[in-house]
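Undergrad: Sequence:
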Amino acid sequence: MDPNAAPLPNYQDDEATFALFLREHTILKAASADDALLDDDDDDDDDLLLEPTAEGKTLLRRVPCYPPHLRRIRDRMPYHDVDGLDGKRIFIIEVPLSELVAWDAVRGSELARSAMGNATRYHELFCGVVDSILDGMTPSMGRRGGGGGASSWAAAPARDSIDVLSEQRRAQQEARREEREAARSAGGGLDDVNGPLGGGGLENDAAVSGGNNDVPPWGGTSATEDLPPLLMRRYELRILPIRRPGSFPPFHVQHRDVPSSPYYTSSSSFGSKLDGPSSQSEVEGRSLRQVRSRALGHLVTIKGMIVRASDVKPACTVATYTCDACGCEIYQVVSNKREFLPQRLCPSGECRRQSKNGDTLHLQTRGSKFVKFQELKLQELPSQVPMGHVPRSMSVHCRGELTRLACPGDVVTIDGVFLPQRVAEAGYRAMKAGLVATSFLEAQNIIVHKKSYDESGNSHLSDEERARLDAQIADIAHGDDPVGTLSSSIAPEIFGHEDIKRALLLQLVGGCTRKLPDGMRIRGDINICLMGDPGVAKSQLLKHVASIAPRGVYTTGKGSSGVGLTAAITKDVTTGELALEGGALVLADRGICAIDEFDKMDENDRTAIHEVMEQQTVSVAKAGIVATLNARAAVLAAANPLYGRYNRRKSLSENVNLPNSLLSRFDLMFLILDVADVDRDMALARHVTFVHQNEGTDAKNVRGDVDTVPMDDDDEDEFGLDKDKEDGNDQPTTLVTSGLLREYISRARKHQPVVPTDVAPYIVEAYVSLRSQGTPTGKQIKNGDQTVMTARQLLSILRLSQALARLRFSDYVAREDVDEAIRLTHMSKSSLTDSDQGFGGDQGSSKRKWGGEDVTSRIFNIIRDYSTSSRSTRIELKLVEAMVLRKGFTNQQLKQCLEEYQSLDIIQMNSTGTHLDLLSGEAQ
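Residues 0 to 923 (numbering that gives the first Met the number 0) are what the sequence shown spells out, left to right.
Check before you lean on any hint, since a few could be wrong.
[As the list claims (entries may be wrong)] Below, simulated PhoX-like cross-link-like pairs (lysine-lysine); rule was C-alpha separation at most 25 Å, straight line: (1) K368 <-> K431; (2) K599 <-> K542; (3) K557 <-> K599; (4) K368 <-> K336; (5) K542 <-> K557; (6) K621 <-> K557; (7) K376 <-> K312; (8) K877 <-> K599; (9) K621 <-> K570; (10) K312 <-> K599.
It is worth saying that the hints were derived from the structure and are not from the lab.
Produce the entire structure from the sequences given, and follow the hints as far as they go.
TA: Take a look at the structure:
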């Protein structure tokens, strides 16, 4: 025997240790002044002394932890004032391993280490100890457990159908036991074959001591007449890892030195905000790639994103059979298996004596026990995937009250047991799979990080922390320029782009979604498109905004297909049924979907975005499934010019290779050019070197105190430090941390501003004036340019005005909000038309933007570009018509172009008129 090997566990000693822990462990609870008086006058032994605290601090009282909770379970008194358990008949017993260590540094630490390494076995062991304690309790006949006084008297425990069935089964078992004893005393001499213990009470665990070789002894599937303890359990036991505090009773009233929020994190690199998990407060979730084979059977913590959630269906845990021959009931514990072989032969003595070979057992659904079951698919976060690797995924099995906690698109941290699983138990799949097995996670606890803006993340903060948070938000709201203060905190390491950051802030806030009485829905989300030369930090802006949004999804156009963006038809591995799996736009519901390299998408895939950007739904009619999914997401797209750098002699749709029908759905479109300018280049270089020297922005200028708003790990973004960023100044500004910004936006979105009667005429006049200024001669509409003001731009101005009113915490849109919205709209238009102004270039080139090319030349350039990309001089005429019409030209213009270039011997049509050939002179 290896002397260095770990000693074998002694389960009997561990049971005794855990039973002692349940009886002796105490927790700290905030005490009131009345509790202090009662402590001086009451001589009850259960009334413990107050804990000494510093002057001015909260009075603390040490109270028993588990006995009052177990008494409520025994008396079946549900909690009516606890989130997640309000009025439910199910009880949750949490066993934080940190509490075991706090109870006894030696025995508790050893038991916690054993439970972490063999979680499934110790989960059943802990349940057995709780069952024995509950069986030893006598029901309270009118007195509420855990306290005295007049308010502690209540009615006797209520009985339900399970109690009636259990009493009937116990009576039948007792009658059969007496018959066997009488037969044995009469000389029958038959041994009891029902189990080594032969009992019938809940404390008898022989029902789960199976005899199969392929299953562990604590989770066997052998049939027995004894009532299994799992059949009568009215609670769920969860083992929480070290440094994971409990959140359900009795820990919901526990006082801690640190906030009890599951999102509590340590200070960030900026030195003023909680941005990442700390080893002293909260266990940090690992990525799927860090979970190795040595973690099998261990309790692990994994962080990732939910990409698929199955329907909640009942899963059998105890199968009950009725024997047609002898009439007895047989129980089979399934022990959380996906598949099991039903029992066929009755193990009772009477049936064995008769030696019947037929199947006498029939499954009784009413007498069996089912629990809620849901399977989740957990995928690695984009920040956890190394460059060039494919994200890994894992199945997560949720049972009981852990179901319906997470939806596709949620970023979660899951505590669970890492277990292997056969591909199939039997049949063709098992034969084909052979010895190959997969792994899954049996969930014990789920923490949802990124929720919607409507669900505030500060519900677990103390009164003092909440007051400090309110003061900071009020300080920003009543400042000189709250919009500028908040917008400068979006990607502060990126230099300049003030108007773009303001627009991104308005996109995070969003406008008000209006639902008319006739059912029509007017979207309130703001769509923004960023276009420009490479190296101007477009991708970094997208990643930062996606990290701030509670449900932000970042994807690229070339790496996304149509079904990857909208919805795909997949087969459920559990039931084999076809199911819908949402894509990036569906996962970003009520959030932001950032699509990089928007111009690189295929035309067939890009058409799927048209419906999402206006109707905000995804309609699917595939494989017999006709459904409409919600995709209430704001689209933030980034596109590069088609020719590498922006060509000012071509229109916007030609530069980015996007149709006008898609560009018109964007509320704001900004063009970012990289133009050499001595002053701006000097300021940019100083800013980049300052960021590299200080590893980020100046920590002294960061607004937001420690312990303010809990945040996620992925809020500590990888900011862009590209040397080609432009615009802006190098003056230090007061920054707002991402957590405080998220809380500010969450409160701003609760307001639903409306346009008052005195502001409505002003908006109408401004829109008419802008539309007349945009088309003085009608030339822009004729050329198909998208910079013209359209009716959709009027709705964009309304949405931007509502977002600005929300940032002021106002329910009415003011005239200054409309002016700022019109200014942003004008800046986005001017960046497309007057792109040279302010960059040190020729300000007159905007007047000559279309002077170098007429309609005929532009149509020919489309044909030539396609010929170059396809490396073919012969092009089908139908394809040419589709490309030209998609760019906004007419058939008459195409016909004139072909006739002109045919006369120049550059284009030649075939005899049938179906194809055209480019001759050698087309490059001239």
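Undergrad: Confirm or reject each hint.
TA: Evaluation of the provided hints:
no., hint, verdict
1, K368 <-> K431, "32 Å, violated"
2, K599 <-> K542, "18 Å, holds"
3, K557 <-> K599, "5 Å, holds"
4, K368 <-> K336, "14 Å, holds"
5, K542 <-> K557, "17 Å, holds"
6, K621 <-> K557, "24 Å, holds"
7, K376 <-> K312, "16 Å, holds"
8, K877 <-> K599, "23 Å, holds"
9, K621 <-> K570, "13 Å, holds"
10, K312 <-> K599, "42 Å, violated"
Checked against the numbered hints listed earlier, the structure breaks hints 1 and 10; every other hint is satisfied.
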